[in-house]
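Visitor: The hints should help you fit chain B onto chain A, whose structure is shown.
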Amino acid sequence: MLHPDGCEICADGSREAAAREASPWRSARSAFWKMKSRGSSAGSRSASKKCVKCKEELAAVVIRAGDAYCRKCFRENFIHKFRAMLGKTRVIFPGEKVLLAVSGGPSSCSMLSQVQEGVSQNAHKKLRFFPGIVYIDEGGALGQCKEMRQKTTSELCDMFRSTGFPFYILPLEQVLDLPGSVLTPSPPSDQPGSVYKAAVDLFLQSGDSSSDGKAEEQECVSLPAVQESHTRLLQQLIGSAQTLTAKQDLLNTFRQHLLVHTARTRGYSKLMQGDSCTRLAVKLLTSISLGRGAQLAQDTGFSDCRYGGVTVVRPMREYSAKEIAYYNHMFKVPSVVIPNLDTKMPDKASIQRLTQNFVTKLQADFHSTVSTIYRTGEKLQTAGRGSSAAEDAERCVLCVCGLDTAAEEASALQATLISEQLSQSSVPVKPEPPANVGQCCSSERPCGGAEGTGDCCRSSRDHEATDLRSLLCYSCRRTVRDMSSVDRLPQYVLSEAQRRQNRSAMKEQISEFLLDDADENN
Amino acid sequence: MPVLCSSCSEKRAVLKRPKTGHSLCKACFFWAFEEEVHQTIVAAKLFRPGETVGIAASGGKDSTVLAHVMKLLNERHGYGLELMLISVDEGITGYRDDSLETVKRNQQQYELPLKIVSYEELYGWTMDAIVKQVGLKNNCTFCGVFRRQALDRGAIMLKVDKICTGHNADDVAETVLMNILRGDIARLRRCTAISTASEGDGVVPRCKPLKYAYEKEIVLYAYFKKLDYFSTECIYSPNAYRGYARTFLKDLESIRPSSIMDIIHSGENLSVREGVKMPVQGTCSRCGYISSQALCKSCVLLEGLNRGLPKLGIGKHHRLHEKILSQQPLTEHEQRKLKSVDF
Numbered sequence: 001m002l003h004p005d006g007c008e009i010c011a012d013g014s015r016e017a018a019a020r021e022a023s024p025w026r027s028a029r030s031a032f033w034k035m036k037s038r039g040s041s042a043g044s045r046s047a048s049k050k051c052v053k054c055k056e057e058l059a060a061v062v063i064r065a066g067d068a069y070c071r072k073c074f075r076e077n078f079i080h081k082f083r084a085m086l087g088k089t090r091v092i093f094p095g096e097k098v099l100l101a102v103s104g105g106p107s108s109c110s111m112l113s114q115v116q117e118g119v120s121q122n123a124h125k126k127l128r129f130f131p132g133i134v135y136i137d138e139g140g141a142l143g144q145c146k147e148m149r150q151k152t153t154s155e156l157c158d159m160f161r162s163t164g165f166p167f168y169i170l171p172l173e174q175v176l177d178l179p180g181s182v183l184t185p186s187p188p189s190d191q192p193g194s195v196y197k198a199a200v201d202l203f204l205q206s207g208d209s210s211s212d213g214k215a216e217e218q219e220c221v222s223l224p225a226v227q228e229s230h231t232r233l234l235q236q237l238i239g240s241a242q243t244l245t246a247k248q249d250l251l252n253t254f255r256q257h258l259l260v261h262t263a264r265t266r267g268y269s270k271l272m273q274g275d276s277c278t279r280l281a282v283k284l285l286t287s288i289s290l291g292r293g294a295q296l297a298q299d300t301g302f303s304d305c306r307y308g309g310v311t312v313v314r315p316m317r318e319y320s321a322k323e324i325a326y327y328n329h330m331f332k333v334p335s336v337v338i339p340n341l342d343t344k345m346p347d348k349a350s351i352q353r354l355t356q357n358f359v360t361k362l363q364a365d366f367h368s369t370v371s372t373i374y375r376t377g378e379k380l381q382t383a384g385r386g387s388s389a390a391e392d393a394e395r396c397v398l399c400v401c402g403l404d405t406a407a408e409e410a411s412a413l414q415a416t417l418i419s420e421q422l423s424q425s426s427v428p429v430k431p432e433p434p435a436n437v438g439q440c441c442s443s444e445r446p447c448g449g450a451e452g453t454g455d456c457c458r459s460s461r462d463h464e465a466t467d468l469r470s471l472l473c474y475s476c477r478r479t480v481r482d483m484s485s486v487d488r489l490p491q492y493v494l495s496e497a498q499r500r501q502n503r504s505a506m507k508e509q510i511s512e513f514l515l516d517d518a519d520e521n522n
Numbered sequence: 001m002p003v004l005c006s007s008c009s010e011k012r013a014v015l016k017r018p019k020t021g022h023s024l025c026k027a028c029f030f031w032a033f034e035e036e037v038h039q040t041i042v043a044a045k046l047f048r049p050g051e052t053v054g055i056a057a058s059g060g061k062d063s064t065v066l067a068h069v070m071k072l073l074n075e076r077h078g079y080g081l082e083l084m085l086i087s088v089d090e091g092i093t094g095y096r097d098d099s100l101e102t103v104k105r106n107q108q109q110y111e112l113p114l115k116i117v118s119y120e121e122l123y124g125w126t127m128d129a130i131v132k133q134v135g136l137k138n139n140c141t142f143c144g145v146f147r148r149q150a151l152d153r154g155a156i157m158l159k160v161d162k163i164c165t166g167h168n169a170d171d172v173a174e175t176v177l178m179n180i181l182r183g184d185i186a187r188l189r190r191c192t193a194i195s196t197a198s199e200g201d202g203v204v205p206r207c208k209p210l211k212y213a214y215e216k217e218i219v220l221y222a223y224f225k226k227l228d229y230f231s232t233e234c235i236y237s238p239n240a241y242r243g244y245a246r247t248f249l250k251d252l253e254s255i256r257p258s259s260i261m262d263i264i265h266s267g268e269n270l271s272v273r274e275g276v277k278m279p280v281q282g283t284c285s286r287c288g289y290i291s292s293q294a295l296c297k298s299c300v301l302l303e304g305l306n307r308g309l310p311k312l313g314i315g316k317h318h319r320l321h322e323k324i325l326s327q328q329p330l331t332e333h334e335q336r337k338l339k340s341v342d343f
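Sequence order for the protein chains is A and B.
The first sequence begins at 1 in UniProt numbering and counts up one residue at a time.
The second sequence begins at 1 in UniProt numbering and counts up one residue at a time.
If we strip away everything but chain A, and leave its shape as in the complex, we get (with noise of 0.2 Å):
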């Protein structure tokens, strides 16, 4: 649909003449593009069709059927939703530090180019916060060779450098060096929306020409040495998930895990992510299927306060991949080609591949399909209580949402774990002759089992997988049963896993002591 050099969709007739001549396929296309446009508004020729909103220039690309824009209209329309985006929800602070997270890939590309043209802008529509970049490079999960992560990292590279914003690339291998208190929501240090208005004006008052001054220097960072041993170690992990569906969901948490620790740890205190609608109407039938119904709408809202101090902000949401193709195309945004777990795939290869081709095929049929999914997606919430207030011992160890396992009367889970018992024998299986009983009870960390049953006796596989069931979600848990063996986990989550049990041991100990309502986010 897009010519190399650029031609728009419904040129005018003039230049259509001239295409004509040029070459037959263009023409041929140019001629279909007539004829399918001949059918839908009451009669008037493409070649004659006015933008739909100044109604002077001729139309140049058509988003949804009936809504024609000339290039002009649709790119103040563009620009204007992304500011519109982030001044109605009134979370980005004037002067905070927000980091953008760079995937390479159109969407994220767009973002950083409208945040690019926005803190570049005269003053009085500038926006007002401190950007930095960061990419994660995950070559080594999908196993390419170093010429080529090198390749990529420095085509990125370039393309950062001259935004003139400090960035950041790292390897997805650091998530193995992460420390626990990334799955800690730290507390927000984030004023409450009621005094946005407040912030504004204080800023304002202050004197924005200091800005310039408080940009940091731009980093020159080149991809750091990634040891052969870590990306071994990372290959494992990812390779101990038996499914694609578990590979795919491990990779965008350790992910999420890298980007949260950069941005706390260079004072960053929002996340931009650049997920499309498209994208994000693909997200919410995944996330469903993958059984996240009550985490849905902090992985699909426009912010996400699960980390605590970071908030997790996506202002491309109302775009279509359509509308981000189309104004990268037409304005010349750079963008890389970069390949991912589910690549060349086949359609049933995973749960994510699957749901994005259903999706896919279903818009070309009936073209409200993400839209309204997305709007769907729109009305959910969280379910139970706030995330600011739970407990840590409440959240998931991996993906730091609510837990949502508690199993009602007549529920799915309930269901599940009857079915589970009425198909095992009920007779319990021996546990193995105490030959683990010296190494269990002897090894530094303290035993988290009830002392003289003998459950801490059991193998330590057994112990470690059951006892890490307890602190997930329940999509977590389906992907961990996916995994040959828990052990393959970053030192990271299994250290906080273990802190949390012996906590929960020691509040069962005491339970009969603490009196309701005992503060224990100090």
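Worth double-checking, as some hints may not be accurate.
The calculated DSS-like cross-link candidates involving lysine-lysine, where the alpha carbons are at most 25 Å apart (straight line), are [unchecked claim]:
id : chain 1 : residue 1 : chain 2 : residue 2
1  : A       : K344      : B       : K250
2  : B       : K250      : A       : K361
3  : B       : K137      : A       : K361
4  : A       : K348      : B       : K132
5  : B       : K16       : B       : K137
6  : A       : K348      : B       : K16
7  : B       : K159      : A       : K379
8  : A       : K197      : A       : K97
9  : B       : K132      : B       : K277
10 : B       : K216      : A       : K348
11 : B       : K277      : A       : K88
FYI, nobody ran anything at the bench for these hints, they're computed from the structure.
Guide: Leaving out everything else, chain B in the frame of chain A:
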């Protein structure tokens, strides 16, 4: 090397459960299946002793298995229920008349009283006649809406306290997906409930005892128990929108068999934001049935059929309710819009 049943570890396993993947022998499978339905009924407190329960029977596998299991559990666990069969005749030649024969056979096999209600006697239209007017795209709407009312009417005629339908886990998961695709927030909130609310005089509460049973397991059960059922798809169903959700669900199941329960779990844990507009339950001004609008959907659909305006009822039509109620004729423009049907 024969695989032993994972439950009794004595007999040879003859099947693998789609739900959990365990290999079971026949007896253990029957017992597990029946016990799960029993646990569902007990945990959700679906019935009280002494109630009369109508089993919605279509002659298909779900309702045949439901009738069989309900009768069995009623005797085994002493629910104290009086069971009856209710069947609806939509008037689809080549499909419904054959399945009704199956229901009559079921009645004799299980020795349960049977009542058949037909669209013809209730509304004056059969599905064949409706499809001739409406076409093949929106006919499922008519059939579904009419059938709901028909079941309730049949239940009231038989004086039953509750209706139970054979909706299985696959149906509930499909409904969740479909409601998301259609953007129907109100239904999305209600569709995973195991029983409907029981207010109102003209409505009989209904429940789904088989809610957590996989469709494949129901077929396995019917196959091994050698139950007699009718297994053809409705001849008008290929163009239904639900078909898309069904194909998607089947593909999901082939990737990960537990996704059906995962979707139901997601659906149960969805919560709607405050401030989202929800419909309020009232009654229809014409027939007295429950409705969230001035006129209930089946009255609107019937009006459309009787006036030769098949599209009345498909799509938004709230503004026309007053006109219909007061018997005013519709304007030319409205008539033209409602008449056009694409086959």
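Visitor: All hints, please: hold or fail.
Guide: So, going through the hints one by one against the coordinates:
no.: 1; hint: A:K344 x B:K250; verdict: holds, 22 Å
no.: 2; hint: B:K250 x A:K361; verdict: holds, 16 Å
no.: 3; hint: B:K137 x A:K361; verdict: holds, 19 Å
no.: 4; hint: A:K348 x B:K132; verdict: violated, 39 Å
no.: 5; hint: B:K16 x B:K137; verdict: violated, 38 Å
no.: 6; hint: A:K348 x B:K16; verdict: holds, 22 Å
no.: 7; hint: B:K159 x A:K379; verdict: violated, 40 Å
no.: 8; hint: A:K197 x A:K97; verdict: holds, 18 Å
no.: 9; hint: B:K132 x B:K277; verdict: violated, 36 Å
no.: 10; hint: B:K216 x A:K348; verdict: holds, 20 Å
no.: 11; hint: B:K277 x A:K88; verdict: holds, 21 Å
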